[in-house]
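Quick mapping for you: the protein sequence lines, in order, are chains A and B.
First residue of the first sequence? That's 1 in the UniProt record's numbering, and the numbers climb one at a time after it.
First residue of the second sequence? That's 1 in the UniProt record's numbering, and the numbers climb one at a time after it.
It is worth saying that the hints were derived from the structure and are not from the lab.
Here a beta-carbon is modelled for each residue, glycine too, at the ideal position from N, C-alpha and C.
Careful, some of the hints might be misleading.
Restricting the straight-line Cα-Cα distance to at most 25 Å, the calculated cross-link-like pairs of lysine-lysine (DSS-like) are [claimed, not checked]:
| id | chain 1 | residue 1 | chain 2 | residue 2 |
| --- | --- | --- | --- | --- |
| 1 | B | Lys144 | A | Lys313 |
| 2 | A | Lys183 | B | Lys200 |
| 3 | A | Lys313 | B | Lys200 |
| 4 | A | Lys308 | B | Lys249 |
| 5 | A | Lys32 | A | Lys22 |
| 6 | B | Lys249 | A | Lys309 |
| 7 | A | Lys216 | A | Lys32 |
| 8 | B | Lys65 | A | Lys308 |
| 9 | B | Lys144 | A | Lys174 |
| 10 | B | Lys144 | A | Lys316 |
| 11 | B | Lys65 | A | Lys309 |
| 12 | A | Lys310 | B | Lys144 |
| 13 | B | Lys65 | A | Lys174 |
| 14 | A | Lys35 | A | Lys316 |
Residues from chain A that face chain B, not an exhaustive set, calculated with beta carbons under 10 Å [what the hints assert, rightly or not]:
| id | residue |
| --- | --- |
| 15 | Pro30 |
| 16 | Arg66 |
| 17 | Gln76 |
| 18 | Leu83 |
| 19 | Tyr86 |
| 20 | Lys174 |
| 21 | Gly178 |
| 22 | Val236 |
| 23 | Ile241 |
| 24 | Leu242 |
| 25 | Met303 |
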Amino acid sequence: MSEAQLKNLEEIFEQRIANDEKIEPKDWMPEKYRKTHIRQISQHAHSEIVGMLPEGNWITRAPSLRRKVALLAKVQDEAGHGLYLYSACETLGISREELYEQLHSGKAKYSSIFNYPTVSWADMGAVGWLVDGAAIINQVPLCNTSYGPYARAMIRVCKEESFHQRQGFEIMMKLCNGAPEQKEMAQDALNRWWWPSLMMLGPTDAESVHTEQSMKWKLKRKTNDELRQQFIDQTVPQADILGLTIPDPDLKWNEETGHYDFGEIDWDEFWQVVKGHGPCNKERMNARVGAWEEGTWVRDAAMSYAEKKKVRKISKAV
Amino acid sequence: MKTNLYNYILELADNCLIAGQRLGELCGHGPNLETDIACTNISLDLFGQTRGYFQYAAELKGEDKTEDDIAFLRIEREYKNVLLVEQPNRDFAYTIARQYLFDVYHLLLLEKLQFSQDMTLSAIAKKSIKEVSYHVRFTGDWVKRLGDGTEISHEKMQNAIDGLWTYTNELFEVTEDAKIMAEEGIGVDVSVLKDVYYEKVTALLQEATLTVPASKYFQKGGKSGIHTEHMGYILADMQYMQRAYPNMKW
Numbered sequence: 001m002s003e004a005q006l007k008n009l010e011e012i013f014e015q016r017i018a019n020d021e022k023i024e025p026k027d028w029m030p031e032k033y034r035k036t037h038i039r040q041i042s043q044h045a046h047s048e049i050v051g052m053l054p055e056g057n058w059i060t061r062a063p064s065l066r067r068k069v070a071l072l073a074k075v076q077d078e079a080g081h082g083l084y085l086y087s088a089c090e091t092l093g094i095s096r097e098e099l100y101e102q103l104h105s106g107k108a109k110y111s112s113i114f115n116y117p118t119v120s121w122a123d124m125g126a127v128g129w130l131v132d133g134a135a136i137i138n139q140v141p142l143c144n145t146s147y148g149p150y151a152r153a154m155i156r157v158c159k160e161e162s163f164h165q166r167q168g169f170e171i172m173m174k175l176c177n178g179a180p181e182q183k184e185m186a187q188d189a190l191n192r193w194w195w196p197s198l199m200m201l202g203p204t205d206a207e208s209v210h211t212e213q214s215m216k217w218k219l220k221r222k223t224n225d226e227l228r229q230q231f232i233d234q235t236v237p238q239a240d241i242l243g244l245t246i247p248d249p250d251l252k253w254n255e256e257t258g259h260y261d262f263g264e265i266d267w268d269e270f271w272q273v274v275k276g277h278g279p280c281n282k283e284r285m286n287a288r289v290g291a292w293e294e295g296t297w298v299r300d301a302a303m304s305y306a307e308k309k310k311v312r313k314i315s316k317a318v
Numbered sequence: 001m002k003t004n005l006y007n008y009i010l011e012l013a014d015n016c017l018i019a020g021q022r023l024g025e026l027c028g029h030g031p032n033l034e035t036d037i038a039c040t041n042i043s044l045d046l047f048g049q050t051r052g053y054f055q056y057a058a059e060l061k062g063e064d065k066t067e068d069d070i071a072f073l074r075i076e077r078e079y080k081n082v083l084l085v086e087q088p089n090r091d092f093a094y095t096i097a098r099q100y101l102f103d104v105y106h107l108l109l110l111e112k113l114q115f116s117q118d119m120t121l122s123a124i125a126k127k128s129i130k131e132v133s134y135h136v137r138f139t140g141d142w143v144k145r146l147g148d149g150t151e152i153s154h155e156k157m158q159n160a161i162d163g164l165w166t167y168t169n170e171l172f173e174v175t176e177d178a179k180i181m182a183e184e185g186i187g188v189d190v191s192v193l194k195d196v197y198y199e200k201v202t203a204l205l206q207e208a209t210l211t212v213p214a215s216k217y218f219q220k221g222g223k224s225g226i227h228t229e230h231m232g233y234i235l236a237d238m239q240y241m242q243r244a245y246p247n248m249k250w
């Protein structure tokens, strides 16, 4: 392909994105677009799968049958999200095995929030309310992103996430209207999850390396700082309804800006966890790698059985 | 209160509760996403069935009892599940074998229970048949895949079947409560399911190139509340919140 032809293709491509047309797997796309999408979609898929672990931690101990069923269903939804996101990612010409390999080797990232431990039942509430709440803010704009398979997967993901968020809030509500120990448990969970949830929306705009290109491709519609502000503005009144205190002495309503001002985020902690040194990074990775490695003989058996069945079918036909 | 009926419901429900709890342990740790989702699905179905039974039992009990009191606040000796369902997830072959050996029985039981004179039990059975038909297909297919897969998977599956076989006979024990309920047309006489159970299981194991264990030594006790050493740990986990924070709503 000549340089002029390539330039022409690129122009048509950029025009299609500007016109809000969807890019489909068989369409021509710049290599960088493909790579960026593999990175982001797989990172998202990995986050769903690793995200099953901190909540899975409470399935056997859920305090009522109703909560147990809801939690199981929620964690199962996350597996489902992982499944459609991996499938969307595979349309870009990469296999699920390669994607797993990237996760297991540490080459691919997943959301750092899942490297924090879930130490009480109230964490199931806080994770739903705050973590899923922040995830929705990140994800809703992606329902309109330019890559068709990703956008369609996200429509489904967002519907379920919003259900999870309400479920988390309802757990918190029940705790806050319960016995003093329960309310204390809820406050403690908020104290531990608040700052990591703010960090979930990514580094400040000045530090974010991918924002500009991603905005152009509609992989991102708002900057990290805008999303964070939106999350805080939305969540503070919810904490008021619960009667809980946000653990930030600098948090206050700013009449002029029409937003909440908030305190300094501990970015050292953020980078420490991103770089693999959070409280549970090792446990999460060991759990994922362990499940995959222990499952090798199962997957091999399934392949071998399918092969045998095929051979038997052919020999029968002959 | 109708004590026989109440006890009989626990006998039915505790199997679902404990089997569901065991599968729930695996959520997020399956050999791949598809089996992870499927095992969670089975667990969810079993907890759904448990709730149906316990809500009914709570109604019979009165005294403002709830499904959660029955699920979480009994002592070990009061749980009536069979020993089979409390066996641990030693590996995926054990999980599948345990569930398969239970599912075949469970479906046979429900196919009879749907004709119960008790409308609630009949309704629960009818709903559950649809779910359990899928369970037995899923686990049966995996027994075949693992049995007739690779040498390693064959060995693991055979080990699991050999290890769990001793718990199969208890499924067909008839307790005093179950006997009375069967006589009243409410419950199922499970002893009549035994031959067809072993026929079905034998046929599938043979198809899976597995050897049907020859041992005639069996374990029992679960139905009368005498469990294996695993049960205490299951309950310690399951009851943790209810025991640590008594009388609270969640």
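Going down the list of hints, with the structure as the test:
no., hint, in the structure
1, B:Lys144 x A:Lys313, "holds (16 Å)"
2, A:Lys183 x B:Lys200, "violated (53 Å)"
3, A:Lys313 x B:Lys200, "holds (24 Å)"
4, A:Lys308 x B:Lys249, "violated (54 Å)"
5, A:Lys32 x A:Lys22, "holds (17 Å)"
6, B:Lys249 x A:Lys309, "violated (52 Å)"
7, A:Lys216 x A:Lys32, "holds (13 Å)"
8, B:Lys65 x A:Lys308, "violated (54 Å)"
9, B:Lys144 x A:Lys174, "violated (46 Å)"
10, B:Lys144 x A:Lys316, "holds (19 Å)"
11, B:Lys65 x A:Lys309, "violated (53 Å)"
12, A:Lys310 x B:Lys144, "holds (15 Å)"
13, B:Lys65 x A:Lys174, "holds (20 Å)"
14, A:Lys35 x A:Lys316, "violated (45 Å)"
15, Pro30, "violated (30 Å)"
16, Arg66, "holds (8 Å)"
17, Gln76, "holds (4 Å)"
18, Leu83, "holds (5 Å)"
19, Tyr86, "holds (8 Å)"
20, Lys174, "holds (6 Å)"
21, Gly178, "holds (6 Å)"
22, Val236, "violated (26 Å)"
23, Ile241, "violated (19 Å)"
24, Leu242, "violated (16 Å)"
25, Met303, "holds (8 Å)"
Comparing the model with each numbered hint stated earlier shows that hints 2, 4, 6, 8, 9, 11, 14, 15, 22, 23, 24 do not hold.
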